[in-house]
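Undergrad: Knowing the structure of chain V, use the given hints to seat chain Z on it.
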Amino acid sequence: MAEENPKNGKVGLVDRVKDDIQAMKVDIPAKAKEQIEGLKDPTKTQVYTSIFRHKHDDTPRNRALGVLSNVFLHLHPAKINRDAVRYSYTWGMGGITFFLFIILTYTGVLLMFYYHPSKVQAFRDVLYLEHDVPFGKILRNMHRWAAHLMVIGVWLHMFRVFLTGSYKKPREFNWNIGVLLLVFTLLLSFTGYLLPDDQLGFWAVTVGTNMARATPLLGHEGPFGSMLGMTPYNDVRFGLLGGSIVDANALLRSYIWHCIGIPIVASILMIVHFWRVRKDGGISGPAPVMLEAEADKPRRGPKAAGE
Amino acid sequence: MDWRQLWEICSAPDNVPIVGLIPLLAFYIYLAWKQAHANDVLIEQLEGDAALAKTHHRKTWPFKPGWQKEVHVWPFLLRIEFLAAIIVTIILMVWSITLNAPLEEPANPNLTMNPAKAPWYFLGLQEMLVYFDPWIAGVVMPTMIIIGLMVIPYIDTNPLGSGYYTWKQRKFSIGTFLFGFIILWIAMIIIGTFIRGPGWQWFWPGQTWDHNRLIYEVNRDLPDIFGITSNMAKAIFGAIVVGGYYLLGGFVVYSLFRRYMGKDFKRMSLLQFGITQFLLLTMVALPLKMGLRLLWHIKYVWITPWFNI
Chain V
1 MAEENPKNGK VGLVDRVKDD IQAMKVDIPA KAKEQIEGLK DPTKTQVYTS
51 IFRHKHDDTP RNRALGVLSN VFLHLHPAKI NRDAVRYSYT WGMGGITFFL
101 FIILTYTGVL LMFYYHPSKV QAFRDVLYLE HDVPFGKILR NMHRWAAHLM
151 VIGVWLHMFR VFLTGSYKKP REFNWNIGVL LLVFTLLLSF TGYLLPDDQL
201 GFWAVTVGTN MARATPLLGH EGPFGSMLGM TPYNDVRFGL LGGSIVDANA
251 LLRSYIWHCI GIPIVASILM IVHFWRVRKD GGISGPAPVM LEAEADKPRR
301 GPKAAGE
Chain Z
1001 MDWRQLWEIC SAPDNVPIVG LIPLLAFYIY LAWKQAHAND VLIEQLEGDA
1051 ALAKTHHRKT WPFKPGWQKE VHVWPFLLRI EFLAAIIVTI ILMVWSITLN
1101 APLEEPANPN LTMNPAKAPW YFLGLQEMLV YFDPWIAGVV MPTMIIIGLM
1151 VIPYIDTNPL GSGYYTWKQR KFSIGTFLFG FIILWIAMII IGTFIRGPGW
1201 QWFWPGQTWD HNRLIYEVNR DLPDIFGITS NMAKAIFGAI VVGGYYLLGG
1251 FVVYSLFRRY MGKDFKRMSL LQFGITQFLL LTMVALPLKM GLRLLWHIKY
1301 VWITPWFNI
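If you're matching them up, the sequences are chains V and Z in order. Numbering-wise, the first sequence is residues 1 to 307 according to our numbering. Numbering-wise, the second sequence is residues 1001 to 1309 according to our numbering.
Bound conformation, chain V alone:
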């Protein structure tokens, strides 16, 4: 304690400061020691516990919580059939397709930084990406090849789902969502084809959209089209291209469909698709085999939802 000033009975400023310094010499090291002790186990800090809501000791409860309390992982159930993790059953194609979609979104956003969807700049931007942008070439390559792989992934996923009869009750609706996702995957790939604005994309899209001319009723060369007043300037192909030929408007339209329109629709459908996988009873198998004699009897008990 600072001594009282004998003159007026008050504590002087200098003494107060001295006193504080004395106290600080004790307080701060004590706190520092406490802090260091605390850091030895960071899982007890407030920051950590605010992020991670449960412990990580290897207990069944924590394993379940690890999945259930994580927004990205809680798409999964906590537990699955022991045979469902076998690669030979699912081929992992649905997951791989989704992973490729994520890669495509990531590389696609980066590509968008360097690309202008205009006739003047589009092709030059691709050249610029190829020759000047750091890692631009591998960025474009990855986007291109991931797109092709995604098409293959969707096909193989669908093939597997068919071969395992996984579209059957109660998963009929999810198969339909899947078919729509197939269509949107192909459309994503196709709209991206035009964007480099080179001969390959131009003629591929010309060939592709020429078919729209022939749409029954809605195309000017299609059956009954001209009877309904369709011309090259008002038919469905005109709507797709924003013109009667593949030109600046077509480039802009396919850019917007490719980068904004279809990804949003496809993402929404993916959310529904994954949600329904869970709601329809998880992945379809490998389920116990059924015998001919049981075919027309409804399944009951634990085997009902593919076990």
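Each hint should be verified, as a subset may be incorrect.
Unchecked claim - Derived lysine-lysine pairs resembling DSS-like cross-links, with alpha carbons at most 30 angstroms apart:
1. LYS1069/Z x LYS279/V
2. LYS1054/Z x LYS1069/Z
3. LYS1289/Z x LYS279/V
4. LYS169/V x LYS1168/Z
5. LYS1168/Z x LYS10/V
6. LYS169/V x LYS1263/Z
7. LYS1034/Z x LYS169/V
8. LYS55/V x LYS1069/Z
9. LYS1289/Z x LYS169/V
10. LYS169/V x LYS1069/Z
11. LYS31/V x LYS55/V
12. LYS169/V x LYS1299/Z
13. LYS1299/Z x LYS1168/Z
14. LYS169/V x LYS1266/Z
15. LYS1263/Z x LYS1059/Z
16. LYS1059/Z x LYS1069/Z
17. LYS1064/Z x LYS1054/Z
For the record, the hints were derived by calculation from the structure and aren't laboratory data. What you are looking at is a predicted structure, and each value in this text was computed from that prediction instead of being measured.
TA: Chain Z in isolation, oriented as in the chain V frame:
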């Protein structure tokens, strides 16, 4: 044998995926067949042994009493997903480092590419343009494929084979799907990718693409062969042929179903069966029309003032 030509087609960057898809498909067909066969053997065994069927866990993989039926997703599934993500990333990286995405000259509407090909996954549709007018090949067929795929769960009334590979319990549906996917989709893509050259002419693999080759082919229409000349008669004739195909074909499908798939037929409603008949016949019509064109040079079957089939 022009190996260089063959190499140029196979190594065109955008054709690499289809070149890769072929062995990949072969592998997965093998993988599926292996499991289907194992399941079929098990099914046969259980059907012959009622006592065993009651106690068996009904899978081809080992299971012992006391084993847990379920495993934790963390880590048993997540580690596989993580590994798959890494492997896919590595494959993609290596592919992207070794092979460049194609970039041709700037788009030029005055310089037509020959052949002008769609991306490989659409080449099946482009190949169909040879046999059908664009409104069928480019609009009606793709729409029918999408609708056909979507109705599959509602017309396949067979409750067997849900959640496991099998062949014996689902011969018809799997056979039909394989026919549609492998023959009508993949094989058509292979034709479009490897066989169609300049002018969309048929060049066997290894045959040099001759840009000046001309083929003098006289395509006839079916009514011409029967000496029908008036437009009205042609339209009526075509309607009879096409209608007859669906009626007669429908009857054949019915009699086959009744005979060989009685149980499935019994389960189907009239609407389900009608849709199945129609889709099946339309599917079969594609190779039939291809045959007419390739073997007998017949272009149209049904000619009307508004559309030709």
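Undergrad: Hint by hint, which ones does this structure get wrong, listed from lowest number up?
TA: Hints 3, 5, 9, 12 and 13 are the ones this structure does not satisfy, whereas the remaining hints hold.
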